[in-house]
Amino acid sequence: MNSPFPKSSSAAGEGKIIARLQPDGVSGLETITYQYPLKLISPSKPAEDKSVLVFLLSYGGGLVGGDQVDLSIHVHPQAKLTIVTQGHTKVFTSTKPDIVTRQTLRAEVAAGGALCLLPDPVQPFAGSVYEQTQIFKLAKDASLCLLDWVTQGRSARGEDWSFVRWLGRNEVWTRPGDGDNGGRLLVQDSLILDSAQAHPQMKTLRESMHAIGIMGTLILRGPLMKSLGEFFLDEFAALPRIGARDWRSEDAKKAEVNEGLSAAETWRRDRLKMEKESGLLWSAALVRGCVVVKFGAPEVEAGRAWIGSMLVQEGSIDEIFGNHALLCVK
Amino acid sequence: MSQLQDGKAMVNEAEAIENDIADLERRLAEAKLKQRQALQQRNSTEESELEATLVPSPSQTTLHSPANHFLLLLSDSALPLGSFAFSSGLESYLAHNKPPPFSPSPSYNTTSLPNNPVPRTKPPPPSFTSFLPLSLSSYASTTLPYVLAAHRNPTQLALLDDTLDATIVCTVGRRASVAQGRALLSIWERSLSASLPPGSASAEKAAGILKPFSVLLRSSSSSSTSSATNTSSSSSGWNDPPPVSAHLPPLFGAICALVGLSLEQTAYVYLLSHVKALVSAAVRAGMFGPYQAQKTLASRAAQEMIAAMVEREWETGVEKAGQSVPVMDLWVGRHEVLYSRIFNS
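Sequences listed follow chains A and B, in order.
First residue of the first sequence: 1, per the UniProt record's numbering; consecutive thereafter.
First residue of the second sequence: 1, per the UniProt record's numbering; consecutive thereafter.
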């Protein structure tokens with residue numbers, strides 16, 4: 001007999017989500033439990049039935065120094081789970097550098113299942129110490145869309161990579177028993193941002209960031225994300241060459257603007273203009289069956305506008321997980 | 001009569017003078033002999049002193065040992081790894097940070113955050129002194145733990161290679177690492193391995209580690225080429241990755257261990273080779289000339305930075321390796337979209 005109320009789990013900061021395909025063909029939650037400071041909310045009346053939506057929240061809108069969040073996720077065969085946040089995940093200042101704020105996520109996705117994690121960026125405040133580990137174990141035909149992004153902090157308060165340390169690690173594994181015994185590491189993406197300078201001749205953390213205000217990584221894997229992955233690879237291949245000159249006359253350039261461009265071509269032209277004006281840099285690569293997209297921009301909102309534009313234009317996320325999956329990137 | 005007496009006296013006098021001369025000559029000869037003996041004695045003591053202090057036997061010098069011989073070989077820029085083909089993001093860094101010919105209107109910055117009290121920090125104009133520390137930090141944090149781990153435990157070579165393959169999430173970076181790794185494996189097989197004394201422990205260890213690795217690599221590369229003929233090359237990346245790829249860092253660590261280099265020597269030579277490759281790329285990219293290049297290589301700053309990086313990563317396990325300069329991933333990844341290129345990375 002299932003209780004209508006979320007059960008509380010034992011340890012502080014622990015949470016568990018189990019998504020399962022219900023008999024009516026709609027994804028639902030079998031289990032959703034959490035403990036302070038973690039908070040999970042699933043809308044009781046889902047606006048969409050393409051995937052089940054869970055808001056990943058923390059009390060007080062952020063993680064206080066020393067908070068430990070440990071979330072485990074299971075997505076059963078054919079089920080689809082979407083996780084979003086409400087606003088930046090703030091990481092507050094630690095009183096001492098050895099007090100580490102940790103967020104750990106372990107997710108397992110079964111065959112045919114899909115997990116979409118498009119949260120808001122993490123915003124580490126000055127003096128914060130943060131370690132984030134996200135481990136995904138995917139069955140052979142499971143799909144994953146993961147966005148992990150971090151900002152320079154509260155830029156309005158003059159914070160510019162002013163934290164003590166930020167460690168972020170994302171691992172994508174095949175599940176044990178799917179051909180490779182014990183599971184195989186497919187992609188590991190780790191970021192080590194440490195204010196400790198190894199030598200006076202080395203650059204400070206702020207100098208190393210090279211005036212970038214937001215840095216993001218998107219990892220796509222599985223049959224449902226193949227179209228989106230190829231879209232990123234194609235758009236990257238279609239980028240105008242850096243250092244190429246446009247020898248056409250001003251008239252010729254204007255003439256092209258007025259020529260009948262397709263909707264996709266107009267979108268690409270506007271996006272390229274936005275990339276150039278905002279100083280956004282990105283790259284995409286197909287690595288061991290995963291598409292890994294990296295992007296960085298001087299301004300946080302430019303990064304958000306860019307990734308949102310890419311995901312909306314291609315359409316897979318909306319089609320597979322529903323429009324609510326794009327809440328944080330629009 | 002008096003004449004006779006006079007004559008007798010003169011003879012006596014002449015005899016006396018002759019006696020004097022004979023006496024003086026004898027004393028001179030004695031003195032010369034003594035001098036010669038004294039000189040000989042001094043020379044012989046000096047010679048023995050020279051032998052003791054300045055001319056040790058060659059076998060006692062620190063230079064002459066197999067490990068040092070390989071240290072010099074592996075640190076030589078003539079080692080045919082093909083490093084000259086790669087700039088590790090330097091070329092892309094220059095292209096991305098080229099000052100624009102016209103002063104740009106920062107329309108986006110002014111509209112997005114009008115009340116921002118902090119002026120945006122602008123990146124400095126491109127220079128080698130800016131790029132070198134960034135590149136060294138990034139190279140050390142992402143790959144040095146794999147060099148150290150393979151040196152400490154060469155039997156883990158295949159696993160380390162596969163794990164490292166999962167962490168290089170950039171086409172251009174993978175190409176550079178694999179091209180140099182495969183070149184090093186070829187040098188080992190065709191050139192270096194024969195120099196290990198046959199039947200020795202190190203030769204047997206090498207055969208037990210590098211032979212199976214190379215067999216694994218050949219099996220995977222032959223299967224990947226056969227699948228590439230079936231499907232287009234761009235879609236082959238969607239398939240399962242090969243068991244090993246032959247990246248440079250773990251192979252370098254394992255081979256250095258097998259030829260007897262110490263862990264510290266291995267780490268230092270590994271990073272020094274990176275600095276040498278960067279400096280050489282900078283010369284060919286026209287950033288400076290050969291004298292400035294040697295000055296950069298010889299500088300205290302270069303020495304201290306390499307030492308600091310070795311110290312920073314000494315205890316870093318491969319599970320803690322990661323990118324410390326994220327913008328480097330963007331520069332290296334975007335090398336592919338440069339209009340003109342003189343390097344492969």
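Warning: the hint list may mix true and false statements.
Claimed, not checked - Computed beta-carbon distance windows for the label pairs: (1) B:F288 - A:A238: 47 to 57 angstroms; (2) B:T155 - A:G87: 45 to 55 angstroms; (3) B:S202 - A:G315: 56 to 66 angstroms; (4) B:N239 - A:D234: 15 to 25 angstroms.
As the list claims (entries may be wrong) - Only pairs whose alpha carbons sit at most 30 angstroms apart, straight line, appear in this in silico BS3-like list of lysine-lysine: (5) A:K39 - B:K320; (6) A:K330 - A:K273; (7) A:K253 - A:K50; (8) B:K98 - A:K276; (9) B:K320 - A:K273; (10) A:K140 - A:K253; (11) A:K137 - B:K320; (12) A:K96 - A:K50; (13) A:K253 - B:K32; (14) A:K90 - A:K16; (15) A:K140 - B:K295; (16) B:K320 - A:K96; (17) A:K16 - B:K320; (18) B:K320 - A:K90; (19) A:K226 - A:K140; (20) A:K96 - A:K140; (21) B:K295 - B:K320; (22) A:K50 - A:K39.
Bear in mind the hints are in silico, worked out from the structure with no lab data behind them.
The structure presented is a predicted model; accordingly, all values stated were derived computationally and were not measured.
Where a beta carbon is used, it is the ideal one built from N, C-alpha and C, also for glycine.
Hint by hint, here is what the structure shows:
no. : hint                                : verdict
1   : B:F288 - A:A238: 47 to 57 angstroms : 36 angstroms, violated
2   : B:T155 - A:G87: 45 to 55 angstroms  : 49 angstroms, holds
3   : B:S202 - A:G315: 56 to 66 angstroms : 59 angstroms, holds
4   : B:N239 - A:D234: 15 to 25 angstroms : 19 angstroms, holds
5   : A:K39 - B:K320                      : 29 angstroms, holds
6   : A:K330 - A:K273                     : 19 angstroms, holds
7   : A:K253 - A:K50                      : 44 angstroms, violated
8   : B:K98 - A:K276                      : 14 angstroms, holds
9   : B:K320 - A:K273                     : 38 angstroms, violated
10  : A:K140 - A:K253                     : 48 angstroms, violated
11  : A:K137 - B:K320                     : 19 angstroms, holds
12  : A:K96 - A:K50                       : 45 angstroms, violated
13  : A:K253 - B:K32                      : 105 angstroms, violated
14  : A:K90 - A:K16                       : 21 angstroms, holds
15  : A:K140 - B:K295                     : 54 angstroms, violated
16  : B:K320 - A:K96                      : 22 angstroms, holds
17  : A:K16 - B:K320                      : 26 angstroms, holds
18  : B:K320 - A:K90                      : 24 angstroms, holds
19  : A:K226 - A:K140                     : 14 angstroms, holds
20  : A:K96 - A:K140                      : 44 angstroms, violated
21  : B:K295 - B:K320                     : 34 angstroms, violated
22  : A:K50 - A:K39                       : 23 angstroms, holds
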